[in-house]
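A.B. asks: Based on these hints, arrange chain B on the given structure of chain A.
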Amino acid sequence: MCCDSQVLPAVRRYLSLVPLKGTDAVRRELDADSVEWVRLLQSDGASRDDAIGRLHALLLRVSRRELTRRAAQHQAAGPELDDLAHQCADDAVVSVLAKLPTFRGDSRFTTWAYKFAVFAVSGALGQRYWRTHTTALEPEQWEALPDRLGVGPEEQVQAAALMAALKQAVDTELTSRQRELFVAIVVNGVPLDAVVAQLSTSRNAVYKNIFDARRKIRDFLITNGYMESVEGGRP
Amino acid sequence: MTELPPGLQRLLQVDPADAGCEHAMEVLDAYAELAAVDPSAAAQAFPGVAAHLEDCGPCADDLTGLLAALHEGDEPAGP
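Residue numbers (the working numbering), protein chains in the order written: chain A, 1 to 235; chain B, 1 to 79.
This is chain A alone, in the form it adopts within the complex (with noise of 0.2 Å):
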């Protein structure tokens, strides 16, 4: 294992000069196995060919677990499971060499890169979905929420005029583009990762709409007297 500091200048350097984001990080020392990953896959020939090679194997590995791990959000079994998690690997790999510049050895390097055959195996679920439910995000099924939302059948009589409340909250307080990301996640139940791939849109932007919307709706909710206000929005 090769761990002389002299290598990774570049990467060192960078270290040093860009300030952490925010003031929720912790900052480590690059452990030598993490600085010799980067050291191979910065380089040039057969040594990089291989660490990417030893990588992909990796993130395999990983993305076959997850998979496996997530078996109840899709139907791939045997060798569709198995061109799944290589076509997760694949991706995870693209990311990872992308990235590699923006490394920061905040956690181990292969954490780093196991986090991107994560992301691949959530991006290609999301994919996936679409091709067992061919419902787009109508219609609207509003019947079905207040089973989401947890409201027993004994309930749903007194909680009537709630629901009619938070419709009237979706339809006039809510952007159009909040209201149709609601009206897919919540009232029809479609996964998150379905409507960004549908969408070809990121996680952030639709999770940043459908946390918007709920506020909205909270505070409609609590102007008509359909809830208390309570201090840091939890009510």
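None of these hints come from the bench; they were simulated from the model.
Hints may contain errors.
[Stated by the list, open to error] Covered stretches of chain A, going by a simulated chain B footprint (3 or more residues, C-beta under 8 Å):
(1) 63 to 73
(2) 84 to 97
(3) 110 to 120
(4) 172 to 181
(5) 216 to 229
[Unchecked claim] Restraint ranges, calculated between C-beta atoms of paired labels, are given here:
(6) B:10 to A:161: 44 to 52 Å
(7) B:7 to A:130: 35 to 43 Å
(8) A:224 to B:40: 32 to 40 Å
(9) B:15 to A:201: 19 to 27 Å
(10) A:46 to B:9: 28 to 36 Å
(11) B:38 to A:98: 39 to 47 Å
(12) A:57 to B:38: 29 to 37 Å
(13) A:98 to B:3: 46 to 54 Å
(14) A:32 to B:40: 38 to 46 Å
(15) A:49 to B:15: 45 to 53 Å
(16) B:10 to A:32: 40 to 48 Å
(17) B:64 to A:54: 22 to 30 Å
(18) A:224 to B:54: 25 to 33 Å
(19) A:71 to B:38: 23 to 31 Å
All values reported here derive from a predicted model rather than from experimental measurement.
No residue lacks a Cβ here, since even glycine has one placed at the ideal position from N, Cα and C.
C.D. replies: Structure of chain B alone, referenced to chain A:
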């Protein structure tokens, strides 16, 4: 005033400290390494991410997957 159903209560819990998906995904590896040893230490080091993971199912699922990868011995001897 009607008592809110549990699911609606959870839906309307918007935490201002929530750091969002982008930042959570950026630091999820560092968060996972801390959480693998001591989840409370991870939440203390990354409070905005901890708030986000309470709320965002997909990011929480990614953390579970990453922790599983760490726990299941995928760590090789080296490159």
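A.B. asks: In ascending order, which of the hints set out earlier in this document are inconsistent with the structure?
C.D. replies: As far as the earlier hints go, 2, 4, 6, 7, 10, 11, 14 are violated by this structure, in ascending order.
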